[in-house]
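Novice: So the protein lines, in turn, are chains A and B. Numbering follows our numbering, with no gaps: position 650 of the first sequence is 650. Numbering follows our numbering, with no gaps: position 427 of the second sequence is 427.
A few of these clues could be false.
Which copy? The list can't say, so a pair holds if one copy fits it or any two copies do.
Stated by the list, open to error - Think about it this way: if two alpha-carbon atoms lie no more than 27 Å apart in a straight line, the pair counts; the simulated DSSO-like pairs of lysine-lysine are:
(1) K394 <-> K149
(2) K171 <-> K316
(3) K75 <-> K624
(4) K519 <-> K75
(5) K334 <-> K253
(6) K624 <-> K238
(7) K595 <-> K254
(8) K149 <-> K41
(9) K442 <-> K239
(10) K238 <-> K41
Derived by calculation from the structure, the hints in this document are not laboratory data.
Protein chains: 2
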Amino acid sequence: MAVFAGKITGNASRICKDVINGKSNNGGDAMAYGYNGRILKVNLTEGKIDEERPDERIYRLYMGGSAFSLYYLLKEMPAGVDPLGPENRLVFMSSVISGAPIAGLTRYTVAARSPLTGAFGEAEAGGFWGPELKMAGFDGIVFEGRSPKPVYLWIHDGEAELRDASHLWGKDTGEVQDRIREELGDQRVRVAQCGPAGEKLVRYACILNELKHANGRTGMGAVMGAKNLRAVAVRGTKKLAFADPEKVRQIAKKVVELIPQFPMARNFKKFGTPVFVMPLQESGILPTRNFRAGRFEGARAISGETMTETILEATKGCYSCAIHCKRVVKVEGKYAARPEYGGPEYETLASLGSFCGIDNLEAIAHGNEMCNRWGLDTISTGVCIAFAMECMEKGILSRDDTDGMDLRFGNVDAMLEMIRKIAFREGFGDLLAQGVREAARKIGRGAEAYAMHIKGQELPMHDPRGKKGLVLSYAASPTGADHIEAPHDTAFLSETPMLYECNPAGVVEPIDALDLSPKKIRHFVHTQQIWNFFNSLGICNFAAAPYSALTLPLLTDAVRAITGWNTSLYELMELGERTITMARMFNVREGLSRKDDYLPDRLFEPLEEGTPAEKRITREEFDKGLRLYYEALGWDPENGVPTPGRLSYLGLDWLIL
Amino acid sequence: MAVFAGKITGNASRICKDVINGKSNNGGDAMAYGYNGRILKVNLTEGKIDEERPDERIYRLYMGGSAFSLYYLLKEMPAGVDPLGPENRLVFMSSVISGAPIAGLTRYTVAARSPLTGAFGEAEAGGFWGPELKMAGFDGIVFEGRSPKPVYLWIHDGEAELRDASHLWGKDTGEVQDRIREELGDQRVRVAQCGPAGEKLVRYACILNELKHANGRTGMGAVMGAKNLRAVAVRGTKKLAFADPEKVRQIAKKVVELIPQFPMARNFKKFGTPVFVMPLQESGILPTRNFRAGRFEGARAISGETMTETILEATKGCYSCAIHCKRVVKVEGKYAARPEYGGPEYETLASLGSFCGIDNLEAIAHGNEMCNRWGLDTISTGVCIAFAMECMEKGILSRDDTDGMDLRFGNVDAMLEMIRKIAFREGFGDLLAQGVREAARKIGRGAEAYAMHIKGQELPMHDPRGKKGLVLSYAASPTGADHIEAPHDTAFLSETPMLYECNPAGVVEPIDALDLSPKKIRHFVHTQQIWNFFNSLGICNFAAAPYSALTLPLLTDAVRAITGWNTSLYELMELGERTITMARMFNVREGLSRKDDYLPDRLFEPLEEGTPAEKRITREEFDKGLRLYYEALGWDPENGVPTPGRLSYLGLDWLIL
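The shape of chain A in the complex, shown without the other chains (with noise of 0.2 Å):
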């Protein structure tokens, strides 16, 4: 008798392995297996395209977004070259979930070494740009070198060709939009593209895609201008093929059902998210004049209601959203806003509203509209006028430093004014175009105090005094402060909801938002993670839970309807571990370590107004969240390196020094 019960084989093995697999219906998710995808490889200063057809595990491994592009820049690219040089990879990167007609699937990722930080750079952005090119036959575009003059790149329905753009340069980006359009004469076609901030090397010029939808932070357009890239226009109109399409069906119709029941979600279509503006307020954490204040005497004319019932024009959505959160303002006048540049996002209304101590609504979405015309992130614009505000108010720079402007906080017409000079790098403007962390060093005098930044890149509209999972956050993000790297534990959400965000994973201790103890570790580290799939996938976090109708296990449901994958949320935590850790690591390649990590020294301080004891954040809970933080994630705990046994662990290995 020769049996051996070890060897599967023949038709019984077949059973088997689909059953195992998750091919056959062993627990309702009878589908194909595969997902096959392409990547565009752009080779600028030779002016050749060629297309990868990354193995299926390459997919499975990073599936999108962050963790995709990640992949792209540490295998290409060795450290240190320069931001804004040819060597530089840049990388558009849709996901493997993306283009299906679910809301909240939408959003890719814009990556590079950042110009802004020297460390990773990244932005994602919604709107209709990325699942067009999905539905144009690609996933995700690599470009390297330098185009010897300025091009746009054209992708549609599987092709691509590099085009003369010399005739846009220096043009604002509703014209060159237009002009897109009408050459490919095709009104349909998504232009992302930088503006001339991008061009002219603004640290933190922006790319956008449709005049509004923008990946806003480390200074991707200053990539792409530094590239001479001034757009990528794509238009696609293959079907997306998916895995279970009966299942995917299924899903968007439930999500859109389910929408409506979520007050967050009607608020966001109501109110878009300058509905935060008043609760952060009434916590007395709207960050005001340069994070000196957490209230702001004119909050009320800034919000989100004030904007409803004044110069809301529209409201729209990404691709097969019904959220709707999106805001297209419309202003005449002296501060005109033209519906087409959509309208001022909550961080805008904040960071040239409250930030510079401006109460004027309709002043601050034309400054909207002229970042959005010229290419730059709002944020970091409104961090560095803020910072020259307060060294006037200070003392340390007078008319003489800012072109005779009166860059007082609250002064309209010299915000307004301070626009258009970094846009265009004219006069003092060219200064703060480096960012506020250059333009602190440069002009000295103790300016560094007022500087609100952290690994250079500006600090973005939320403050931590008040939410404290924001200090591991902000300090740790590798992007330099960025308010999506994990969400905000917001004390005025009531019933800690983000807790039943992550009740699927397990955990169900509530946590106190000023609670930066180890329970607040495990809270923290879980709920980056999602942020960080979410990053991957390219999935909206406004469109998941709590806020709307994505549960993790519908998300789950989700990948594996679209992608055939045997899937797990156990896989997806998992790509959140390993996004978080690959950025460390290209971070830990530059040179950066835990000296990085920190907070500015002012937010250790009480606010103007005053903070109680228990919003205040020490020293010392810094230090030691910091350390259980990187200990949490398996790395060193001295200097925050991953393991090579944690890489290993995430199939990182590839990356061990």
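We have chain A; now place chain B onto it with these hints.
Specialist: Relative to chain A, chain B alone:
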């Protein structure tokens, strides 16, 4: 307008929270939320019985088995207690899913500080006892103290009492079971008990339920004996409540239908675990003569195939399991073996067979019955005897030491006589009853070189020279050498079927059984997490994929349907890591460290018949692999202590030292 968006209140709030918690129909997971359970607390010194109803969050963090046992051991017991003293806790622990009528969810844990190793002691057993405990109304039992006289605990339908066991003391397990059933007037009472070996504190005495299902390892029977606790008898007639009974029924039905399609499941029915004898022999890693050889000339005679053709009387399954891997043998004559004591598993065929150079299947079956009759772990028993045999061969021991016995390899009757002497601690048996580490220490004269143990526990019947995942599994196992710490990446299992098992966790890269590189670390730790959550949920790894139909998605569905929790594979994988880490912390508290994670020197040497270079384990790859393993789990790479941050991540901040 006083709108605030963040606050989720009223009826809409209800809907949202239901959706997010998984109550309403957002992905086919409609079910109620909630798990209630009871733990019996028995103080044997005082004869007092209480019950505890742990908070649901405690249930959700620990779930059952290993992890829940460790929760009680670590919470209630200080470090350094005498394993055989009254302070040692002895925990019997089922799980939140045990008792559901799905094949493979049957196992329960017995845990305490081990008298064999001084480290975490734990062993699982199948059969019907665990589900019976649940149907009697309890999830687990925590014993403390020492009864002034022999007792047994009788649990029946929500009640429990301690009863006199003086008349049972010293009796064979079969007689004890008969007497208890008789005096309780119910033949369906399930009895778990130590045997005379446990009473006599043999350091590797086991616990048996229904005479044949053993909590075999780490001497849990001795802990029972030391507590004067001879048995735990249970009878339950309650119907268990499940959150989604219809879904439970569907899963159960699906598993039953799928089992016959799995070749390994069919083979388990036909040959039981003895099916492994021949393929291990053919791979040259059948443990033979104290790990000197990997091929045994008598392998065929002791194989599953031979057993099925000769002494097999019947096959049996555990509660709700259609696989029927359990053997029932019948031998008459000199080496009589009665069916009520079951039949030898693979481990026993090897430990009393090839490991002692014995090819007499009937004698092994007889030895198996002796071990079950008196309550000895067959693995440790065989390893101790083989150790003595080698010491005799090497001249370290003579007949003067062994009560005149001719303990040479292959001497059937000496082997059987030794079992009796060990069980009753007679003469030379008293020395071997202390375990091979202690026996070798006492013998001296170089005997330690032949003592095959790790942390004091005798090695199971698997040779890492041929499946190198076992290198880490053995060395780092908290209970000492253990074969169910992590799956064996067996070279002879074609197409690395383990991959199919962990595919839903995203581990899809094929891995060679002889690999011990960073790639193996990824695979090993993930599969170790899987087997460790099996140990905490009481899941049988033979019922699970790749051997049989219980895939990870099905298991996750089962936990959801049974408990009503909005859980995921993520939470289960984390439970696995939590289990590993708690056990490590138990050992850290007891003073164990890096030095206790080792392999016996012999395993670094070639086998007698030679070992191909690629199968040999080098000290360098061992040291490197172990360090990577520590790091992978977020432990200090130098000393293997879990870091405060990783403990925090796992919700174990209460264990930070």
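Novice: With 27 Å as the alpha-carbon cut-off, assign the pair K624 and K238 to within, between, both or neither.
Specialist: neither (52 Å within a copy, 50 Å between copies)
Novice: Between copies, within a copy, both or neither: which fits K394 and K149 at Cα up to 27 Å?
Specialist: Answer is neither: 44 Å inside a copy and 84 Å across each miss the 27 Å cutoff.
Novice: Is it within a copy, between copies, both, or neither that the alpha carbon of K519 lies no farther than 27 Å from that of K75?
Specialist: Only across copies: K519 and K75 sit 18 Å apart there, 36 Å inside one copy, limit 27 Å.
Novice: Up to 27 Å between alpha-carbons, please classify K75 paired with K624: within, between, both or neither.
Specialist: Classified as between: cross-chain Cα gap 25 Å, same-chain 34 Å, threshold 27 Å.
Novice: Have a look at K149 and K41 and pick one of within, between, both or neither, based on CA distance no larger than 27 Å.
Specialist: For K149 and K41, only the intra-copy Cα distance (19 Å) is at most 27 Å; the inter-copy one is 80 Å.
Novice: Measure nothing new, just compare the shortest in-copy and cross-copy C-alpha distances for K171 and K316 to 27 Å and report within, between, both or neither.
Specialist: within (26 Å within a copy, 81 Å between copies)
Novice: For K238 and K41, with the copy left unspecified, which applies at a CA distance of at most 27 Å: within, between, both, or neither?
Specialist: The answer is within: 20 Å in one copy meets 27 Å, while 65 Å across copies does not.
Novice: Can you give me the call for K442 and K239, within, between, both or neither, at a CA distance of at most 27 Å?
Specialist: Neither, since 53 Å and 77 Å both go past 27 Å.
Novice: State whether the alpha carbon distance between K595 and K254 is at most 27 Å within one copy, between copies, both, or neither.
Specialist: neither (47 Å within a copy, 56 Å between copies)
Novice: As a check of your reading, is K334 near K253 (CA-CA no more than 27 Å) within one copy, between copies, both or neither?
Specialist: Classified as neither: same-chain Cα gap 44 Å, cross-chain 73 Å, threshold 27 Å.
Checked against the numbered hints listed earlier, the structure breaks hints 1, 5, 6, 7, 9; every other hint is satisfied.
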